[in-house]
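Novice: Residue numbers (the numbering used here), protein chains in the order written: chain A, 1 to 193; chain B, 1 to 150.
Derived by calculation from the structure, the hints in this document are not laboratory data. Any given hint might turn out to be false.
[Said to hold, decoys possible] Lysine to aspartate or glutamate pairs mimicking EDC-like chemistry, simulated, CA-CA at most 20 Å apart:
#, chain 1, residue 1, chain 2, residue 2
1, A, Lys104, A, Asp45
2, B, Lys69, A, Asp133
3, B, Lys86, A, Glu144
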Amino acid sequence: MSFAFCSLLLLFVACKPLERVPKSDPDLALSADPYPFGGDLTLVDHDGNSFHLADQQRPFLLFFGYASCPDACPQTMARLASAYTILGEDARDLRTLFVSVDPKRDSPQMLKTYLSHFDVPAVGLTGVQDSIDAVVKRYAAHYEIGERNSAAGYLIDHSLYTYLLDQNGDLRFFFRPSHTAEDIATVVRQLSR
Amino acid sequence: MRLGLFFIFSLVLILLGVGCSDRDISSVTVKNAWVRQNIPPQSMTAAYLAIHNEGMATALISASTPAAKVAEIHVMTTDGNIMRMKKIDRLPIPEDGSATLQPGGNHLMLIGLRRNLAPGDSLALTLTFANGQVQTLRAPVVSFRDEGRR
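My request is simple: use the sequences and hints to build the entire structure.
Specialist: Right, dumping it as structure tokens:
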């Protein structure tokens, strides 16, 4: 009995240091070729002007969300703010596109106010439902009305990827929620090499 | 002699009963509560905390704060790449276990804020559990900037 206990204890102690080794992420490499989805889009920006991605000639981070989102969207914005801080001057051309999947509630002015609270150079994009749906489809994203019985009105279930587009508007990487601000900075820096 | 033994045995049973009762009633502790700053004109935000239970299985059955009209318990599930959020009436807390409400996961959604919640502010949160325990604690308001560093 005590031998078995000691063996287990030794095994535990022997394995413990392994847990301290940071797990490297072999996927933090920019795709050499653009992904076959994503790409150009035309929507309305948070100043009420037409926004055409192909005219921009700069890299973007893009994700789908909505201003009433209580958790995932502010969390993503907070993570992006940290990534910008890490990148510093390396992020001087990088902008973030917040594409609203809630055009009924997210007016351009609402998006502008919402985004002004984050330390992220971001452009809010909205449009008519069909235009948003076309962009969602092009980026292989997803959203749907979820919980309807909240005192907040309806909640929206939506996909959580953050896409990295190069200066040509091509999709070169997409981040999962598990990617940290450091991960985002690591991949973004590869764009300028 | 037999009466004495019966008396002692009864006393032990009573004390054990009191002990178990104490364990059940005051078994839950709540730590690390914080609230995300809200973005006017949005009058809602999320609160997070860690619940530890050293007793029998119970559940968080309601939350309230004077700072909001409503506090809902929301569970978040990830279905592939899609985040799904649902309002629930009770959040189970396992026996001798814990439940953590954290960004990207389960949370309390505070709806109809009666004032804007800016960093440096704090609010009182009252949590009611199925075992009858009621806990009131103060939760600081955390900025997006500080949240990103967490």
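Novice: With the threshold set at 20 Å, check whether the alpha-carbon distance from B:Lys69 to A:Asp133 stays at or below it.
Specialist: violated, 34 Å
Novice: Holds or violated: B:Lys86 with A:Glu144, Cα cutoff 20 Å?
Specialist: Since the Cα atoms of B:Lys86 and A:Glu144 sit roughly 13 Å apart, the hinted pair holds (cutoff 20 Å).
Novice: A:Lys104 and A:Asp45 were given as a pair; does the straight-line alpha-carbon distance stay at or below 20 Å?
Specialist: holds, 15 Å
Hint 2 from the earlier list is the only one contradicted by this structure; the remaining hints agree with it.
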